[in-house]
Amino acid sequence: MLKIENLVTSFGSVVALDGVSLSAQEAKITTVIGANGAGKSTLLRTISGLEHPSSGTITWQGESIVGRRPEDIVRMGIAHVPEGHAVISELSVEENITMGSLFRRRKFKADVPAATDEMYTLFPRLKERRKQLAGTLSGGERQMLAISRALVSRPKLLLLDEPSLGLAPLVVEQIIDSVNILCRTTGLTVLLVEQNANTALGVADHGVLLALGKVVADRPAAELKADATLRAAYLGY
Amino acid sequence: MNTFLAALFSGTSRGAIFALVALGLVIVWRGAGIVNFAQMGQAMFSTYIASTLIINGNSYWVGFIVALLSGAVLGSLIDIFVMRPLSNKKKTELLSSESMRAAVPVLASLGILGVLQALAGIIWAAEERGFPAPAKQEGFTVAGNAMPFTAFDLFVIGSVAVTLILTTLFFKKTSMGLAMRATALNQEVAKLSGIRTNLTRTLSWAISGAASSLAGLLLTPSSNLSPNTLDLALLIGFTAAVVGGLDSPAGAVLGGFIIGMVISFVTFYDTPEDVFLAILAVLLLALIIRPRGLLGSKDVRRV
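First to last, the protein sequences are chains A and B.
Start counting the first sequence at 1; every next residue gets the next number (my numbering).
Start counting the second sequence at 238; every next residue gets the next number (my numbering).
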């Protein structure tokens, strides 16, 4: 389980996270929704070690991970797919996936090819385009690749930042479905950040509403989805 | 005709060395985002170490190998003790803008160049000394005619070719090579993938250091060795890298050969005094016509 308490992260004088507390239950999808600038991405970036909090705690499986480097945090089983289909365009599809498993190649030598094959089973389109440069892929394929790059490290917790950004609804549905199936079948814990609240709450078990760096609501997803007052006040529809 | 062949061959041999210098610059630029002005200072220092070993009775090859190793070690030390602390966000947060933060390591490399040259002057005295070549520097004679190329030229071209093939294989075929390319292209995604970017950065400094030390060993037999001998080589190598594209290893090699030819043809058909002018003209033309370089990618960061 991931447990966050009173997390504060600021950039100069701008406070992006202002005392955030939340938790992500094992084998469940927890979604963090909120408007642009609510601090959703900063939250994920602080968990994965890309940003350093000024105070607060992040506990993962009973251990504090604040102050650790991103490359060590991924070794503890937390994989982060940052915003904007983060793949390396100049590398091939295959190289992007391999990159995600480089650190496992000694300890889990036998499992690395198996994990790679699983990615191609999950997203068969990537297999067809194995040798192509990632930069030549469509937006949806790039997001699939970014997720594969993270999943091939066999994480226990997946931090997913706005997978729907700039994608057609049908593609979004396909990607969200894949993540949902993974969570239900393999016990992967997911922390999903979304601006697209309907899609996210539709698939999640639990929802956290973030506004201006503060948690405004923390409830079962279905309840949050049904609350018209909250939606109107914070999401504007 | 004979002049043309001589110019062509000498251009290839010089071009090979400048390709190496440019490659060293490109590897550090891609791996660490720094234009390393200390590079040929490091090479000069390693060449002095080789020279001292050879003068004290060791074979050329002992000096050769030790110089390559010391080039790699010196590069790593510079990264670990100077560049890594300087790239630490917390320590440079007083600098307000991103471009100022980017300028700090480059200025530091200039400082390192000064320190290395001063140190070399103190340790080995500043006067010039000769540096041996492993092969003859007189032209071959075929049927009584002096040919325009020498055994040393062949050695230069051969050793540079081996270096280029080895580095290409390393970057394309090994896991560490992939990790280094990933770090160079997108540090954030590389870190999130579990790549230890501090290690890959240091390794790029080491490879660049070894490559430029080889360039130093190949340049000094024809120019003598002094603390400032290799200053011009840095300028030429930098021009080659800009012509080829600062972020493209293949471009660096291409640029090196182009500059080598320019230098050689100006030397043979005009006068050696105009070489410096020609290099600056090429640099200027490259920046005006194609600032990203022949093989550089479109969105190069500004220096």
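It should be emphasised that the hints constitute simulated quantities derived from the structure, not laboratory data.
Careful: at least some of the hints might be erroneous.
Said to hold, decoys possible - No farther apart than 30 Å at their CA atoms in a straight line, the calculated lysine-lysine pairs in the DSS-like style are these:
no., chain 1, residue 1, chain 2, residue 2
1, A, Lys3, A, Lys28
2, A, Lys109, B, Lys410
3, B, Lys373, A, Lys131
4, A, Lys131, B, Lys409
5, A, Lys28, A, Lys107
6, A, Lys127, B, Lys373
7, B, Lys373, A, Lys107
Against the structure, the hints come out as follows:
no.	hint	in the structure
1	A:Lys3 <-> A:Lys28	14 Å, holds
2	A:Lys109 <-> B:Lys410	17 Å, holds
3	B:Lys373 <-> A:Lys131	47 Å, violated
4	A:Lys131 <-> B:Lys409	14 Å, holds
5	A:Lys28 <-> A:Lys107	28 Å, holds
6	A:Lys127 <-> B:Lys373	55 Å, violated
7	B:Lys373 <-> A:Lys107	51 Å, violated
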